[in-house]
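Visitor: Okay, here's what each chain looks like letter by letter:
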Amino acid sequence: MAIQVRIPTPLRKLTGGSESVSGSGATVAALVQDLETRHPGLKERICDDAGKVRRFVNVYVNGDDIRFLDNLETPVKDGDEISIVPAIAGGAR
Amino acid sequence: MRDAAVAIVGVGALGCAAAEALARARVGRLILLDGDVVERSNLHRQLLHRDGDRGRPKVESAAERLAALAPGTVIERRTVRVAAENAAALLADATCIVDATDGFESKFLLNDTAVALGTPLVHAGIVRFLGQLMTVLPGRSACVRCLFRAPPEPGDVPSCQEAGVLGSLAGTIGLLQAAEVLRYLTGTGSLLTDRLLTYDALANRFRHVRLRRNSSCPACSTRLAVTTRNS
Chain A
1 MAIQVRIPTP
11 LRKLTGGSES
21 VSGSGATVAA
31 LVQDLETRHP
41 GLKERICDDA
51 GKVRRFVNVY
61 VNGDDIRFLD
71 NLETPVKDGD
81 EISIVPAIAG
91 GAR
Chain B
1 MRDAAVAIVG
11 VGALGCAAAE
21 ALARARVGRL
31 ILLDGDVVER
41 SNLHRQLLHR
51 DGDRGRPKVE
61 SAAERLAALA
71 PGTVIERRTV
81 RVAAENAAAL
91 LADATCIVDA
101 TDGFESKFLL
111 NDTAVALGTP
121 LVHAGIVRFL
131 GQLMTVLPGR
141 SACVRCLFRA
151 PPEPGDVPSC
161 QEAGVLGSLA
171 GTIGLLQAAE
181 VLRYLTGTGS
191 LLTDRLLTYD
201 ALANRFRHVR
211 LRRNSSCPAC
221 STRLAVTTRN
231 S
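Residue numbers (this note's numbering), protein chains in the order written: chain A, 1 to 93; chain B, 1 to 231.
Calculated from the structure, these hints are not laboratory results. Since we're looking at a predicted model, the values are computed, not measured. Glycine included, C-beta positions come from ideal geometry on N, C-alpha and C. Take these hints with a grain of salt, some might be off.
[Unchecked claim] Cβ pair distances, simulated, as ranges:
#, chain 1, residue 1, chain 2, residue 2, range
1, A, T27, B, E76, 49 to 57 Å
2, A, T27, B, R213, 22 to 30 Å
3, A, F68, B, S190, 16 to 24 Å
4, B, T188, A, A26, 26 to 34 Å
5, A, S22, B, G139, 39 to 47 Å
[Claimed, not checked] Stretch-level coverage of chain A by chain B, calculated; a stretch enters the list once three of its residues show a Cβ under 8 Å from a Cβ in chain B:
#, region
6, 7-20
7, 50-63
8, 72-86
Work the whole structure out from these sequences, hints included.
Guide: Structure follows, in structure tokens:
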């Protein structure tokens with residue numbers, strides 16, 4: 001069993017259109033690094049140049065925001081579900 | 001409901017769907033706010049406007065249709081762009097606010113204004129095939145800045161206008177906003193507070209993530225004055 005990562009529609013061009021991809025790692029940071037090797041370009045959409053999660057992207061482990069856990073050092077394990085939620089702004093025009 | 005005044009900020013993709021549903025539900029007063037005019041490229045997703053409305057203020061076009069659909073609902077027309085200098089005054093008499101704007105600055109401004117006024121806000125965003133929705137009860141549930149501390153820099157994330165949007169997604173999310181307003185006004189059901197609903201129109205999947213009030217939120221932890229960026 002691996003860790004399932006839900007990919008939001010704006011990032012799916014980096015996963016070949018897949019809604020969900022598998023990854024591994026003991027922490028969210030390790031998982032993101034693993035995802036980067038499988039889907040190049042994904043890490044920079046999630047993390048900034050300093051390696052922190054971008055302020056307009058949130059990462060959830062089993063529905064809980066990692067900002068309220070241990071940020072990128074939040075532990076993850078097989079069977080966990082990770083969601084990436086970007087800020088989106090459209091609506092009027 | 002008949003005493004309620006619902007402000008619809010943005011009478012475009014989301015606002016048209018939300019306003020029509022609320023008018024048909026016989027909400028007492030709808031306050032329409034938008035400074036834009038109708039363009040041909042709007043018509044696949046902005047359901048109250050017609051080809052013959054091109055060049056007319058969206059507020060006028062929408063108000064006309066709504067008045068014909070629901071003569072019992074008072075439709076107020078405010079052809080103005082909501083900005084930091086006028087937001088609080090324009091929204092002061094609203095019972096609740098529907099965020100149907102386009103652009104991060106507008107969405108953060110509306111959040112900050114709603115929090116400062118203590119007025120419930122039904123926030124939503126759409127882009128391409130993704131929709132998001134949450135309700136803010138100021139001082140009681142997580143606000144938009146609890147979710148995202150500050151808007152992205154211009155150009156970091158495309159807007160609906162730049163990236164496009166599935167027309168029917170606008171209707172889906174706009175109608176869900178109307179349903180939130182009706183739940184709030186009637187006190188029935190469960191509001192989307194402290195959770196964010198996401199709708200993936202490609203996979204046809206609704207999901208929730210849990211939200212928490214952020215004790216250092218620049219908007220709702222201290223009730224800062226209304227500002228726009230990175231306050």
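Visitor: What hint numbers does the structure not satisfy?
Guide: Per hint list: single violation, 4.
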